[in-house]
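J.: Once you've looked at the hints, dock chain Z against the given chain L.
Heads up: the protein sequence lines correspond to chains L and Z, in order. Quick note: the first sequence uses our numbering, first residue 1, plus one each step. Quick note: the second sequence uses our numbering, first residue 271, plus one each step.
Honestly, the hints are just simulated from the structure, not real lab data. For glycine and all other residues, C-beta sits at the position ideal for the given N, C-alpha and C. Hints may contain errors.
What follows is a set of in silico ranges between Cβ atoms, one per label pair, in the way DEER data are often shown [said to hold, decoys possible]:
| # | chain 1 | residue 1 | chain 2 | residue 2 | range |
| --- | --- | --- | --- | --- | --- |
| 1 | Z | Thr-674 | L | Glu-129 | 20 to 30 Å |
| 2 | L | Gly-22 | Z | Arg-673 | 46 to 56 Å |
| 3 | Z | Ala-546 | L | Arg-141 | 30 to 40 Å |
| 4 | Z | Gly-279 | L | Gly-22 | 39 to 49 Å |
Partial list, derived from the structure: chain L residues whose beta carbon lies under 10 Å from chain Z [unchecked claim]:
| # | residue |
| --- | --- |
| 5 | Leu-31 |
| 6 | Arg-34 |
| 7 | Gly-36 |
| 8 | Pro-73 |
| 9 | Thr-76 |
| 10 | Met-77 |
| 11 | Arg-86 |
| 12 | Pro-101 |
| 13 | Pro-112 |
| 14 | Leu-113 |
| 15 | Leu-115 |
| 16 | Arg-159 |
| 17 | Leu-220 |
From the structure, some residues in chain Z lie toward chain L, with a derived Cβ separation under 10 Å [said to hold, decoys possible]:
| # | residue |
| --- | --- |
| 18 | Gln-313 |
| 19 | Gly-317 |
| 20 | Leu-321 |
| 21 | Leu-323 |
| 22 | Leu-327 |
| 23 | Leu-585 |
| 24 | Ala-592 |
| 25 | Arg-655 |
| 26 | Thr-658 |
| 27 | Leu-662 |
| 28 | Gly-666 |
| 29 | Pro-668 |
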Amino acid sequence: MVAPPDNDVLWARALHFQHNDGSPALSGVSLGVREGEILAVSGPRGSGKTTLLRCLSGLVRPQRGEVWFNSVPVHTMGPLTRERLRRDRFGWIDPAPVLVPELNVWENAALPLMLRGTSRRRAKTAAMEWLERLDIGDRARRHPHELRQSERQRVSIARALAPAPTILFADEPTAPLYRADRAHVLRTLTTAARSHGITVILATHDAATASLADRTVSLLDGRGVNTVHLPPVPEKETEAAAETAADEGAEADAGAGTDAEGRAACSLSV
Amino acid sequence: MLALRLARGSHPGVQFRRLLVATATAATGFLLLGTLGHALAHQDTAGGSALRLAWCLAPMAATVYFAVAVARTDPGTRPRPGLSAIGLGPARLMAVSAATTALSCLLGSMLALLFFLHLRGDLTGMPFDGDAADFLAADHPLPLPAALTLLTLVPAAASLSVALTLRPRDPRPTPGNRPRLRPYNASGRRAAQTADTSASIDAPATTPGYAETPAQEPAPSPPTDPNPLPAPNPTPRDLPWGIAVLAAGLAVEAYAGRDPHTPGLTIPGGATGSPAAVLAGWTLTALGLALAGPGLTHLCGRLLQAVRPGALRLLAGRVLMAEATRIGRPLGVVCAVASGAYAMVTLYDADDPSLGPLTALGALVVAGCTIATLLTAAVEARAARADTTAALLRLGAPATTLRTAAALRATALLALFVPLTFLIAELAALPLTA
Numbered sequence: 001m002v003a004p005p006d007n008d009v010l011w012a013r014a015l016h017f018q019h020n021d022g023s024p025a026l027s028g029v030s031l032g033v034r035e036g037e038i039l040a041v042s043g044p045r046g047s048g049k050t051t052l053l054r055c056l057s058g059l060v061r062p063q064r065g066e067v068w069f070n071s072v073p074v075h076t077m078g079p080l081t082r083e084r085l086r087r088d089r090f091g092w093i094d095p096a097p098v099l100v101p102e103l104n105v106w107e108n109a110a111l112p113l114m115l116r117g118t119s120r121r122r123a124k125t126a127a128m129e130w131l132e133r134l135d136i137g138d139r140a141r142r143h144p145h146e147l148r149q150s151e152r153q154r155v156s157i158a159r160a161l162a163p164a165p166t167i168l169f170a171d172e173p174t175a176p177l178y179r180a181d182r183a184h185v186l187r188t189l190t191t192a193a194r195s196h197g198i199t200v201i202l203a204t205h206d207a208a209t210a211s212l213a214d215r216t217v218s219l220l221d222g223r224g225v226n227t228v229h230l231p232p233v234p235e236k237e238t239e240a241a242a243e244t245a246a247d248e249g250a251e252a253d254a255g256a257g258t259d260a261e262g263r264a265a266c267s268l269s270v
Numbered sequence: 271m272l273a274l275r276l277a278r279g280s281h282p283g284v285q286f287r288r289l290l291v292a293t294a295t296a297a298t299g300f301l302l303l304g305t306l307g308h309a310l311a312h313q314d315t316a317g318g319s320a321l322r323l324a325w326c327l328a329p330m331a332a333t334v335y336f337a338v339a340v341a342r343t344d345p346g347t348r349p350r351p352g353l354s355a356i357g358l359g360p361a362r363l364m365a366v367s368a369a370t371t372a373l374s375c376l377l378g379s380m381l382a383l384l385f386f387l388h389l390r391g392d393l394t395g396m397p398f399d400g401d402a403a404d405f406l407a408a409d410h411p412l413p414l415p416a417a418l419t420l421l422t423l424v425p426a427a428a429s430l431s432v433a434l435t436l437r438p439r440d441p442r443p444t445p446g447n448r449p450r451l452r453p454y455n456a457s458g459r460r461a462a463q464t465a466d467t468s469a470s471i472d473a474p475a476t477t478p479g480y481a482e483t484p485a486q487e488p489a490p491s492p493p494t495d496p497n498p499l500p501a502p503n504p505t506p507r508d509l510p511w512g513i514a515v516l517a518a519g520l521a522v523e524a525y526a527g528r529d530p531h532t533p534g535l536t537i538p539g540g541a542t543g544s545p546a547a548v549l550a551g552w553t554l555t556a557l558g559l560a561l562a563g564p565g566l567t568h569l570c571g572r573l574l575q576a577v578r579p580g581a582l583r584l585l586a587g588r589v590l591m592a593e594a595t596r597i598g599r600p601l602g603v604v605c606a607v608a609s610g611a612y613a614m615v616t617l618y619d620a621d622d623p624s625l626g627p628l629t630a631l632g633a634l635v636v637a638g639c640t641i642a643t644l645l646t647a648a649v650e651a652r653a654a655r656a657d658t659t660a661a662l663l664r665l666g667a668p669a670t671t672l673r674t675a676a677a678l679r680a681t682a683l684l685a686l687f688v689p690l691t692f693l694i695a696e697l698a699a700l701p702l703t704a
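If we strip away everything but chain L, and leave its shape as in the complex, we get (with noise of 0.2 Å):
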């Protein structure tokens, strides 16, 4: 089933960027983005996708390739009108909660707002709508310093949500959380964005995380990989992994774990 291209919020094709120091990030990156679906782009450490969010929120601008949003060129603009398309279309998570310390909890949620002129009494009662339903709202008045790790990443995920972005960018939303906040955190994101029909662009390394999504684009070194399924590993072959693998019990997972990230490193490059 592939959707009509109209249908996509948001695509980029033979997307190309290379950092200051010449080291490579994207090289020939394309993907489409339809209306209200979480996407993850998974891969590696390194395979570039921070970069490629990046420059589909048009934080940066790609060296060549072609972003459009809605049917506008985002790759052309300059960096005035990238900003007010980021101010007032997107949202971004960052992977740990950076919140600006000296506001309180309810202010940082409702700043987004506040900066795109709405007024302070309806952005509060935004903020404190999306904090009621993300279960701090009872930490509205503490100050991000008393909060813990998880509830400011939640906080942050109510200031992304609180201005009803068109897309959300979340980079790794969870890295820095134990396994229940990150499930919690997660949930929480996934929920509130189909609810309210937010596109959700997600970062992630993690297979369970990407799971989560309605669809999953791979990275590998900076470009779009489809993992192609291998024919089934002789029987002889996963016994002698087995066996060199047996001598220590926790080896035996890594050696797995290596056998299967081979495979999937055996893909064919979009």
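T.: Chain Z in isolation, oriented as in the chain L frame:
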């Protein structure tokens, strides 16, 4: 050697600040050597020379204050994960920082010595050879140990202060040493940083709202947060003290100014022959201003974000409140110096023979150092907030809003401190002009 190599590769801005420290040290060193020259020329009147030496304390203090501020801002001497992996921990970096400070100060002292010898006519071959020969006692041989002792004073004091300021501290709370009972040191920031972890464990103790509650027993099991945020800088509480000291200083001055015929203390330059009590009053006034600076800055920020603030006033005011100690202390010192300078200009007598170039140099050093310290503190505050600013920009906050917020902060501070300085200066000069 390591300090030298680290110093060589730093950013031009950092090098410029170090150069400023060297210049300030050179000027102070020259003042000290000038005192030595005066003492050589007037060996029968030791009292006058001692008084001049005592007056050199003001430029010395300003230079050391500036050197400490520059060392705190130096990005090369901040603990970094990469450096601590090769064994350059906080203690070693403190040593590096002290060595760097000593290096720039020694450079300045050497310049001062060269210039001094040149003006005395001992070194020849350049313009102004021996122009001040009689003034600097060229007919007497220069006692080298004395000169070297005077010249090492500033570098030694500066690197010692830097080492003390940047010494690594145990962030764990110790019983009986509660964070809120800990006094500020000159930096304020360091005191805040030491209180960081303890404050995040026992947060209500440092929040302003809970300041008056009696000391609570320590929490039985501190919550385990793997990434605790540093607690905000504590609210400055020196404002009442500052105002009290300020008022006391003004009162002492007014009291001393009643009788203009009191036998006076000869000040080289400035208000000649003014009674010692006036001087004490001035000192108290300056101290009061320096004490009240953080509190006034905090008040300024509070007013700025007072009634239903939007994003702009919220950002401007809260940041000013958070940075009150860091910005307010040097600002108070600048105000004290400015009010002193205003009073000096008011009382300036063109025919006064005691006002020489050395006095002007001293005043210039004090004024320049305090203003440079204020600017350095502003740079430090900006560097400390770089993360938050970047996050705000990622959110799509307009850069113009952030710039306007900064301008608003500066305007608010100016609007509060400029009239205040004028008022204090007028009040301080009133008893002497009347």
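J.: Each hint: holds or not?
T.: For each hint, the structure was consulted:
1. Our hint of 20 to 30 Å for Z:Thr-674 and L:Glu-129 holds, since their Cβ atoms are close to 29 Å apart.
2. For the pair L:Gly-22 and Z:Arg-673, the supplied restraint of 46 to 56 Å is violated, since their beta-carbon distance comes to about 32 Å.
3. For Z:Ala-546 and L:Arg-141, the hinted distance range of 30 to 40 Å is not satisfied, since their beta carbons lie about 54 Å from each other.
4. In this structure the supplied range 39 to 49 Å is violated for Z:Gly-279 paired with L:Gly-22, their Cβ-Cβ distance being about 21 Å.
5. The interface hint given for L:Leu-31 is broken, as the beta carbon of that residue sits about 21 Å from the closest beta carbon of chain Z, more than 10 Å.
6. Taking 10 Å as the C-beta contact cut-off toward chain Z, the hint placing L:Arg-34 at the interface is violated, the least distance being around 23 Å.
7. A hinted interface residue such as L:Gly-36 counts as satisfied when its beta carbon comes closer than 10 Å to some beta carbon of chain Z; here the least separation is about 22 Å, so the hint is violated.
8. The closest approach between the C-beta of L:Pro-73 and any C-beta of chain Z is roughly 18 Å, which is over the 10 Å cut-off, so the hint fails.
9. The restraint placing L:Thr-76 at the interface with chain Z is violated, with a minimum CB-CB distance near 19 Å, outside the 10 Å limit.
10. The interface hint given for L:Met-77 is violated, since its Cβ lies 13 Å from the closest Cβ of chain Z, which is over the 10 Å cut-off.
11. The closest approach between the C-beta of L:Arg-86 and any C-beta of chain Z is roughly 4 Å, which is under the 10 Å cut-off, so the hint is satisfied.
12. For L:Pro-101, the suggested interface contact is upheld, since its CB lies about 6 Å from the closest CB of chain Z, less than 10 Å.
13. Among the interface hints, the one on L:Pro-112 holds; its C-beta lies about 6 Å from the nearest C-beta in chain Z, closer than the 10 Å criterion.
14. Contact between L:Leu-113 and chain Z, as hinted, is supported at the beta carbon level, the nearest pair being about 9 Å apart and thus within 10 Å.
15. A distance limit of 10 Å between C-beta atoms decides the matter here; for L:Leu-115 the minimum to chain Z is near 5 Å, and the interface restraint holds.
16. A least Cβ separation of about 8 Å between L:Arg-159 and chain Z falls short of the 10 Å threshold, and the interface hint therefore holds.
17. Hint on L:Leu-220 is violated. Least Cβ distance to chain Z is approximately 26 Å, over the 10 Å limit.
18. The closest approach between the C-beta of Z:Gln-313 and any C-beta of chain L is roughly 60 Å, which is over the 10 Å cut-off, so the hint fails.
19. A distance limit of 10 Å between C-beta atoms decides the matter here; for Z:Gly-317 the minimum to chain L is near 53 Å, and the interface restraint is violated.
20. Proximity of Z:Leu-321 to chain L is violated relative to the hint, the smallest CB-CB distance being about 48 Å (cut-off 10 Å).
21. The criterion of a C-beta within 10 Å of any C-beta in chain L is not met by Z:Leu-323, whose closest approach is roughly 46 Å, and the hint is violated.
22. Interface hint status for Z:Leu-327: violated, as the beta-carbon distance to the closest one in chain L is roughly 38 Å, over 10 Å.
23. A distance limit of 10 Å between C-beta atoms decides the matter here; for Z:Leu-585 the minimum to chain L is near 7 Å, and the interface restraint holds.
24. For Z:Ala-592, the suggested interface contact is upheld, since its CB lies about 5 Å from the closest CB of chain L, less than 10 Å.
25. The beta carbon of Z:Arg-655 comes within 9 Å of a beta carbon in chain L, closer than 10 Å, and the hint placing it at the interface holds.
26. Given hint, Z:Thr-658 at the interface with chain L, holds; its Cβ is 6 Å from that chain's nearest Cβ, closer than 10 Å.
27. A hinted interface residue such as Z:Leu-662 counts as satisfied when its beta carbon comes closer than 10 Å to some beta carbon of chain L; here the least separation is about 7 Å, so the hint holds.
28. Using the Cβ-Cβ criterion of 10 Å, the hint placing Z:Gly-666 at the interface with chain L is satisfied: the shortest such distance is roughly 3 Å.
29. With its C-beta approaching chain L no nearer than about 6 Å, Z:Pro-668 sits inside the 10 Å limit, and its interface hint holds.
When each numbered hint is compared with the structure, violations occur for hints 2, 3, 4, 5, 6, 7, 8, 9, 10, 17, 18, 19, 20, 21 and 22.
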